[in-house]
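For this one, chain A is given, so just place chain B on it according to the hints.
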Amino acid sequence: MKVGIISFAHGHAHAYASSLVAIDGVTVVGIADDNEKRGKEAAQQYQTDYYQSYHELLAQGLDAVVVTSENARHKEPAVAAAKSGAPVLCEKPLAHTVEDAQAIIAACEDAGVLLQTAFPVRFNEAIKRAKARIDAGEFGDILAMKGTNRGKNPGGWFNDKQLAGGGAVIDHTVHVVDIMRWILQEDVTDVYAEIDQHFSAKAIDDAGILSLTFQNGVFATLDCSWSRNPNFPIWGDVTLEFIGTKGTLKVDAQAQKLDLYHSGGLQYNFWGDNMDDSLVRDFIESVQQKRSPSVTGTDGLKALEVAIGAYASAAKGDVVALGEGEQVAR
Amino acid sequence: MDQMVRVMVVGLGTMGAVHASSFVEMDETELTAVVDVKEERANEWGEKSGAKSFYSFDEAIKEVGEDIDVISICVPTDLHPAFVKKAADVKAAIICEKPLARSLEAAEEMITYCRKQGVALYVGHVVRFFPEYQKAKQALDESVVGKVGVVRTTRGGSYPVATEDWYANTDRSGGLVLDLLVHDFDFLRWCFGEVERVYARNLAGVAGINEERKDYALVTLRFVNGVIAHLEGTWAHEGFRTSFELAGKEGILHYDSQKNQALVAEKASPDGKPGVAVPESPLKNSPYYTELSHFIQCIQSGKEPIVTAEDALKAVEIGMAALQSIKKKKPVTIHSQKVAH
Chain A
-11 MKVGIISFAH
-1 GHAHAYASSL
9 VAIDGVTVVG
19 IADDNEKRGK
29 EAAQQYQTDY
39 YQSYHELLAQ
49 GLDAVVVTSE
59 NARHKEPAVA
69 AAKSGAPVLC
79 EKPLAHTVED
89 AQAIIAACED
99 AGVLLQTAFP
109 VRFNEAIKRA
119 KARIDAGEFG
129 DILAMKGTNR
139 GKNPGGWFND
149 KQLAGGGAVI
159 DHTVHVVDIM
169 RWILQEDVTD
179 VYAEIDQHFS
189 AKAIDDAGIL
199 SLTFQNGVFA
209 TLDCSWSRNP
219 NFPIWGDVTL
229 EFIGTKGTLK
239 VDAQAQKLDL
249 YHSGGLQYNF
259 WGDNMDDSLV
269 RDFIESVQQK
279 RSPSVTGTDG
289 LKALEVAIGA
299 YASAAKGDVV
309 ALGEGEQVAR
Chain B
35 MDQMVRVMVV
45 GLGTMGAVHA
55 SSFVEMDETE
65 LTAVVDVKEE
75 RANEWGEKSG
85 AKSFYSFDEA
95 IKEVGEDIDV
105 ISICVPTDLH
115 PAFVKKAADV
125 KAAIICEKPL
135 ARSLEAAEEM
145 ITYCRKQGVA
155 LYVGHVVRFF
165 PEYQKAKQAL
175 DESVVGKVGV
185 VRTTRGGSYP
195 VATEDWYANT
205 DRSGGLVLDL
215 LVHDFDFLRW
225 CFGEVERVYA
235 RNLAGVAGIN
245 EERKDYALVT
255 LRFVNGVIAH
265 LEGTWAHEGF
275 RTSFELAGKE
285 GILHYDSQKN
295 QALVAEKASP
305 DGKPGVAVPE
315 SPLKNSPYYT
325 ELSHFIQCIQ
335 SGKEPIVTAE
345 DALKAVEIGM
355 AALQSIKKKK
365 PVTIHSQKVA
375 H
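Protein chains in written order, with the working numbering: chain A, -11 to 318; chain B, 35 to 375.
The shape of chain A in the complex, shown without the other chains (with noise of 0.2 Å):
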């Protein structure tokens, strides 16, 4: 199975290369990426070829193409890869606006590719198990959730509006939005959202609290901040919790962890399953055995919805209703 990467300007590339290379009978056959410099190490580090332009790369007949490119440079090569008939695993948030995920969706439709949004966080095995345990009725009917997906500022051009779309809204809202979905089988119909700008020395939106109303009448909250200093003894985190009629549950994906207590500091260690390893596993399985995908282009959309209501909630300082007015076509 002949696989491509087009970009490493996101760092979980180097998570899915890894894991891809590792993969029985899964060839990374090139990686292509408009800075030079990043694409030749990175062709380097996991022994394959170097393309200047994802053009090149999709000529070469690929099976499956990894785009971890920044969310507003999604559209172009996901597109391009769909039309080359390459199923795609796109990064999370799929794109920076809801045009270009409805146009990377209608591209994987109309060639008849899988589209998978690149939401690792699905494969943590407690959120797994949260679910399972959830879906068998343990908790009763879910009533509240509570959700946190607190980080570093990950800099570069996450600071960037024109390439990321936003800040901290954007990029960290997508995940536990998407868990919250998948778990309640239910869309977000309303959200309030607190934004600002506290912790950077960028002007970006870094700091954010969004409350969501579901259909079913379920209501949530989800810190979405890059409240951690850059001595944070881990990246972030991702924390859920459920309130049901017959008790409360509560995850926390990066608990799995050793304390490291280093004269240079706390470090926490985690020791649980790999997640990004299991997504791209997920994804390549998906593709070897012609089925569905496990997380949809429409999940991925549906979750950037939420995180574009949130910036249009801040700004009018009101709830704003979703799939209101502009009608998601698919």
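Rather than coming from a laboratory, the hints here were simulated on the basis of the structure. Don't take every hint at face value.
[To be verified] Capping the alpha-carbon separation at 30 Å, the derived lysine-lysine pairs in DSSO-like fashion look like this:
hint: 1; chain 1: B; residue 1: K169; chain 2: B; residue 2: K364
hint: 2; chain 1: A; residue 1: K190; chain 2: B; residue 2: K171
hint: 3; chain 1: B; residue 1: K181; chain 2: A; residue 2: K140
hint: 4; chain 1: B; residue 1: K283; chain 2: B; residue 2: K307
hint: 5; chain 1: B; residue 1: K119; chain 2: A; residue 2: K140
hint: 6; chain 1: A; residue 1: K149; chain 2: B; residue 2: K364
hint: 7; chain 1: B; residue 1: K283; chain 2: A; residue 2: K149
hint: 8; chain 1: B; residue 1: K119; chain 2: B; residue 2: K181
hint: 9; chain 1: A; residue 1: K304; chain 2: B; residue 2: K169
hint: 10; chain 1: A; residue 1: K238; chain 2: B; residue 2: K318
hint: 11; chain 1: B; residue 1: K72; chain 2: B; residue 2: K86
Using the frame of chain A, we list chain B on its own:
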């Protein structure tokens, strides 16, 4: 040494019992009278402490009102205004449990009435006397974490049990948004100043009886200084817990009562089932004792308390805005007005 301060405690439920035992323990105070509609409970405290026991506040006022220096009001929230006014009429200093009142108007009226009668009014916002919260406030004052951006708090546990199940009646208690979160409203206001905007959601709604005996609320506060705070209040969990996280530019200050435990006892239950771990945070004086002792000192010296009745009013104002937000499903902006002097 001044004369013993003679105290009457009205309402001997959970908080009333804490007040009564604190006043028994305190050197400066004498528990002179206790009042409870439950005759058994009033008698029990009378026998235990030597206080005169009464079954009605009116009767207690009539009998011993003249001989009381301080009246502690520990009755359900909806009864606070009437009781505080009666206490003010006999010119006693008043300690009233939080929240000050079930509505902003009632709270304002109570403050105005006490001022008119020339009696001091203290409100039991005990969180300001919990050392973990005091330490956090001190750290903020010393700018330990730099400029604060995002704050998270948690408070709650299981559904409260009380006389007439009054907590379940939101019309009486305001539900957990008012009764429980008023602590965090006050603490956060102490730390970050005035609140500009409130958005809140809860399970129980804003009025009527919560038959589910379960409530859970998530509240977002936007402060005038820009701080965004997320408050969790719960009566849907097992076992009481509090936590807070103050994330600033230079650091994060974090406390979690479920992690920072000084003493944890685990005992097998007699029926062979696994026992429950019971945590404890031992201190020389309980925060309740420290609070009440501070109020007594303020009564004796006339000095300004750490938490004023105006602070308590502001906390109610935030709580009422949260309830309004829940009802309207909209953010509510607070247009604060000063209490008329």
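Verification of the hints:
{"no.": "1", "hint": "K169(B) / K364(B)", "verdict": "35 Å, violated"}
{"no.": "2", "hint": "K190(A) / K171(B)", "verdict": "29 Å, holds"}
{"no.": "3", "hint": "K181(B) / K140(A)", "verdict": "16 Å, holds"}
{"no.": "4", "hint": "K283(B) / K307(B)", "verdict": "47 Å, violated"}
{"no.": "5", "hint": "K119(B) / K140(A)", "verdict": "53 Å, violated"}
{"no.": "6", "hint": "K149(A) / K364(B)", "verdict": "28 Å, holds"}
{"no.": "7", "hint": "K283(B) / K149(A)", "verdict": "21 Å, holds"}
{"no.": "8", "hint": "K119(B) / K181(B)", "verdict": "42 Å, violated"}
{"no.": "9", "hint": "K304(A) / K169(B)", "verdict": "37 Å, violated"}
{"no.": "10", "hint": "K238(A) / K318(B)", "verdict": "34 Å, violated"}
{"no.": "11", "hint": "K72(B) / K86(B)", "verdict": "14 Å, holds"}
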